[in-house]
Amino acid sequence: MNETGMRGVASVVGVGHTDWAKDYERSRQGLESGDSYDLGAAAFQRALADAGLQRDDIDGLIVGPKTAYERMGEVLGLNTRWGGQADSVQAVAQACMAIYSGMAEVVALVYGYDQRTSKVQYGGSGTVSGGSDHLSYIYHSPWGLTSQGALYAVMFQRYKEIYGMTERDLGAVAMAQRLAASLNPNAIMRKRVSIEDYLAAPYVCQPLRLLDYCLINDGGVCLIISESSRAKKMAKKPVPILGIGRYDLNEGATSLEPRLVHFYLPAQQKAAAQVFNMAGLGPSDMDAIQVYDSFSCHVPFALEGFGYCAEGEAAKFMAEKGISLEGALPVNTGGGHLSESYMQGWNHQVEAVRQLRGECGERQVANCRHVQYCSDVAGKAVTIIYGSQG
Amino acid sequence: METTFPPLIRVFGDAPFWDSIKARRMTIQRCEKCSRYRYPVASLCPHCLSTEVQWVPVTGRAKLFSWAIFHRKYLPAYPPPHNIIVVQLDEGPLMVSNLVDAMPADGCIGAELELVYAEDSAGSVLPRFRLR
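Protein chains in written order, with numbering that gives the first Met the number 0: chain A, 0 to 389; chain B, 0 to 131.
Some clues are possibly wrong.
Output of the computed footprint for chain A on chain B, the stretches with three or more beta carbons under 8 Å from beta carbons of chain A [stated by the list, open to error]: (1) 5 to 19; (2) 58 to 64; (3) 97 to 109.
Simulated from the structure, these hints should not be mistaken for laboratory data.
For glycine and all other residues, C-beta sits at the position ideal for the given N, C-alpha and C.
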């Protein structure tokens, strides 16, 4: 098997997104900014402009999970030779595979979600989000477990009791990401928080507090990914995709075994081995990482699973090395889902690209050459390494 | 406050599970071939793929595996603070439930538990656990 086969074959050439902070204010005032298709379309226009491309240069389309592929293609006036629907990290993987296999050359990845305006509930009566795909999201509702936050609360509580991490230790994540957001004009929550602010925030599902939870906001994001030799002729410096890794733990998922027995560690370790092998790089080569953070505790789990520290050592790593822009390993340098925008992993890809282009102004990581994206959602550990040159 | 539990989530083939709870004698599936217990219900054993299965009563003994406490109201039946626990049945599988007669607190993972049955005003029965 040629494990380095896809290394550098495709590059991100354009990024675009809606004005999350403005959309958030509008939705709080009861004003609509458009439906999921409108939000995706606005992001698409900006990504095209960013890449210096015309609509007709696009020959592949992947849409996010909340919009129908055919309808988004209709809205954008796109006839394509390849397409599909996927979440953020799988969309990037699928675009690379389509390009690698010759099925497409320039793929637009379009996400739009009006989740705040349409009052999407992640818990409570009538919670069916993902229920048909993930029985664990609904199966335990007779006992009152309906929220995804509760799934991470039980995971973090067990971790706490086994490894001795404290709630104060976890507060480092919310503080670091708010520091990043305070330097990011696109972020929704920009006021810095102290450890006292963190500990004073009310529990939502103990041991997790309000500041451990992601935002709920409307918005759209678009990435344009091109075959790399063609990417070199485009407007901005291309950001090559140097590696992709994935491993899924499905066995025992409904009764929460992968989450509670090993904190998804075996999946993350296998995905990490694959991505580092493909890229020819290791954790010490990364200048920043982006971690899917529907809840803050994703960060310590990712630090351990993807090889940045040993099992059970995340609290020590966060305290001694540091995960903020002032630390040794900046994590979620735009503020992530907790503080920038809850775009279900899509905004993390944009942030990785901008850091590698050197476009991040006050929050720019110096000499940023490699950024890793790490996610674990519903037992799927998926990771991408972006570079500053092929 | 509503006194009825949220609706049971029934999946194909789990009638023996809910019927046994209603009769206060909870049973779960055990693979005839490799003897492993499984929960929730499945038509084949995820370990050995055998479809031969028996429904076996549990001992009712379990250990606390993890817990959380809701401080916001998500469901009318469960005003805050409302606890959920994950237990490991003596038979092996993990199961989500509630702790009765006490609230979980830091350090309680590993505590010995026993199965009890709770009934709502409409006669719906749920398996729950209390400290032994």
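Right, here's what the structure says about each hint:
no., hint, in the structure
1, 5 to 19, "holds (count 5)"
2, 58 to 64, "violated (count 1)"
3, 97 to 109, "holds (count 4)"
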